[in-house]
Structures are given as C-alpha cells and as structure tokens.
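Number of protein chains: 2
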Amino acid sequence: MILYNSSISGNCYKVRLLLARLGVDYETREVEVVDRTAPRDELAELNPTRRVPTVVLDDGRPLAESNAILWYFGDGTPWVPDDSYERAQVLQWLFFEQYEHEPAIAVARFLVSYSQLPREQYERRLPRLEADGAKALAAMERHLATREWLVGESPTIADISLYAYTHAADEGGFDLQPYPAVLAWLARFAALPGHVPLAA
Amino acid sequence: MILYNSSISGNCYKVRLLLARLGVDYETREVEVVDRTAPRDELAELNPTRRVPTVVLDDGRPLAESNAILWYFGDGTPWVPDDSYERAQVLQWLFFEQYEHEPAIAVARFLVSYSQLPREQYERRLPRLEADGAKALAAMERHLATREWLVGESPTIADISLYAYTHAADEGGFDLQPYPAVLAWLARFAALPGHVPLAA
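As given, the protein sequences belong to chains A and B, one line each in that order. Per our numbering: the first sequence = residues 1 to 200. Per our numbering: the second sequence = residues 1 to 200.
Rather than coming from a laboratory, the hints here were simulated on the basis of the structure. Cβ atoms here follow ideal geometry from the backbone N, Cα and C, with glycine treated the same way. Hints are supplied without guarantee of correctness; some may be wrong.
What the hints assert, rightly or not - Label-pair restraints from in silico Cβ distances:
#, chain 1, residue 1, chain 2, residue 2, range
1, B, P62, A, A38, 28 to 34 Å
2, B, T146, A, R29, 24 to 30 Å
3, A, P39, B, L57, 27 to 33 Å
4, B, E123, A, D25, 19 to 25 Å
5, A, D59, B, W149, 17 to 23 Å
6, A, A184, B, Q116, 39 to 45 Å
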C-alpha cells in the first residue's frame, strides 16, 4: 500500500497513527504541502481534491479523506465499535473534526508555524480562527469532563482523529490550559501502547 | 423520533430526504437559524455544537451531524453499500461535502438569500466562497462525467448529501450551466421515486 503523505500534516498523522497500531505495512510518498500552488499532478487521478492523505490500496484502488481512510482500516478492529449507535457517534465526532475543529485549529497552525508567510499576510484571519478553535475545544472539554474517551469505554478512531491537531494546537497559538479534561485525554491517548509521535 | 429541524437548512433537508425514502415517521421541532445569537438552549444537552439537524431517537438518545445521521439510518438499506471499499468511498464524499462543498456553497447561499444582512456586510467574503465552491463543483463534474451516481451503480447517501446544497447553489449565486454532468445528476436524483422538495 502507498500513503501519499506530508510529514507535517495532522490529517496524514491520523492515518499513520492507526496503521502503526494495526501493524499495517505501507510505503510513503512525500507530497509538498507548504507551496499551495504546486500542481500535485501525481494525485490528479487518485483524489478529486488532490489533497493528502490519499492511499492507494494493494489492488491499485485509491481512497481519500483522512477520516474515510480511518474508517476503512479501523472497521472490524477495536478502533471502530460494533454497536450501530456508537458507530454513528464515532462518525458524529469525525464530522465535527472536519467541520468545526480542523478548519480553525489546523489552519491557524499552518498559517502561524508552517506557511512561511509574513504574519501581516494572515493576521486578519486569526481572530476568527481563534474564536472558532476555542469553541471546538470547549465542546470537547464539556464532553470529556465526564468521559475517558470520546465514544464508549475505549479509544476509537474518533480519538485518533481529534488527537492529531489538538495535540499540536499550541503551534497555532492555542493555549490548552483552560481545557483540563482535554489535556488529561491527550495524555491518556499518548500513553497507549504503540503510540507514535507526529514527527517520527 | 424527533428531528430538530430548520426548513431552510440543506443539512436538515438531507435527513428529511432519506427518512422520506425509508418511510420513517418523525416529529419536527423547528429551530431558529437566521438569528445566530439565539441561545438554542433546547439543543444544549443534545449536541455539543447546538446545530441542526439533531435527532432524538425513540429511546431518548441524541445524534448530531447530518452525515452521521444519514449513515445511522441508511446503513443496512440500499442507501449504504455493503462492500467495504464502496462504504469508504461513500464516506470520502460525505467528508468532501462537509469540508470542501458546504463551507463554500451553503455559506454563500445563507449569506446571499437568508441572512437578511445588507450585502456590504458580507460582500468581502464572496470571492473566496465563489472560488472554493467552483472548485468543489468542478471536482463533482469530473467525477460525474463518467458515472450516474457518486459511488457504485445506484444512489447512496453520498448522492443525498451532495444533492441538498448543490440543487440550491443558485441561491448562493452559483451558475451550474458550466457543469452539465452535475445538472444531469441533479435531474436524475430528483426523478427518483419518493422525492421530496426542500420546501415541502
């Protein structure tokens, strides 16, 4: 299997986290993500959005969208529950991640720590990203205040998905001290056997 | 079952479209969505983001995020395929919808046709929304040029999800004439038995 990867992307990190825990072997192809004008022709036939992560399965079929890839490899393992309501709750958090969390926290992190743009070129966007990110973190804090994991009694791909950019939120200027339940959950997740860091 | 609903929201329309086709009975509770400062206290215990759609199942358990609700009701019916690769492709399009399509096309539609704001208050945001929306529509056009439905040989919840805001894109100022495969797919979808319009 081939993973079209970026070593700095949290979306790619999600996939690497799950595959490491499942012991799935794969090759990586590094894709340039900082220069947004790069054509990415190698992805044109594989993914309508030309984004990473994109995987090419052993039979040559492509699959894109980080959370869809998590579901594909996680379903049938303990990382996706069997119960239909819990499965839908996992999806609820995966869609929350892509709609409420990533567009604020990952985008702020990219602009501040990776874009190589002068701050005045994106400064105007930060207040909205900070407000949206704080809202997403507050929703996680309320939920995790009474739970160890986002869904059910054990970690799922919902935890993997939200761990990826939450644990790197400081690179986007977010201070997690006001979110003690989130901090405890991050520590719990990183202590699981087989954990791999973002920059491995 | 209760559906916390907005009659103008495409995200809610997705749920109504599937439930109509499945013949599932439900009550609706209309939630104010134009005034974004409304507290929405009725949703506080049901959905961390306080958004519609949110459903409360017959046993009292809540579920949120339109595409997670589609999966919950669709899985086990012809609207979600059995094959694991096709299931992941359905999810790929659902995540595409929430990350690439809805934040451009639904937001432009809301601002232009429903927000009741004077145009000068949101005009500055339109060029970016138009460019992002055109990119999403072009990705759909390329994919649908050689296919009747987004995944496999019959309609799935991916078609339901992307139909909702695509068919109303004109309300956001999008002209669909440059996307003939998308227009043909919209017509094919609306001709399916049991179709219900957005404003029923």
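A quick look at each hint next to the structure:
no.: 1; hint: B:P62 x A:A38: 28 to 34 Å; in the structure: violated, 43 Å
no.: 2; hint: B:T146 x A:R29: 24 to 30 Å; in the structure: holds, 26 Å
no.: 3; hint: A:P39 x B:L57: 27 to 33 Å; in the structure: violated, 47 Å
no.: 4; hint: B:E123 x A:D25: 19 to 25 Å; in the structure: violated, 52 Å
no.: 5; hint: A:D59 x B:W149: 17 to 23 Å; in the structure: holds, 22 Å
no.: 6; hint: A:A184 x B:Q116: 39 to 45 Å; in the structure: holds, 43 Å
Going down the numbered hints, you'll see the structure goes against 1, 3, 4, while the others check out.
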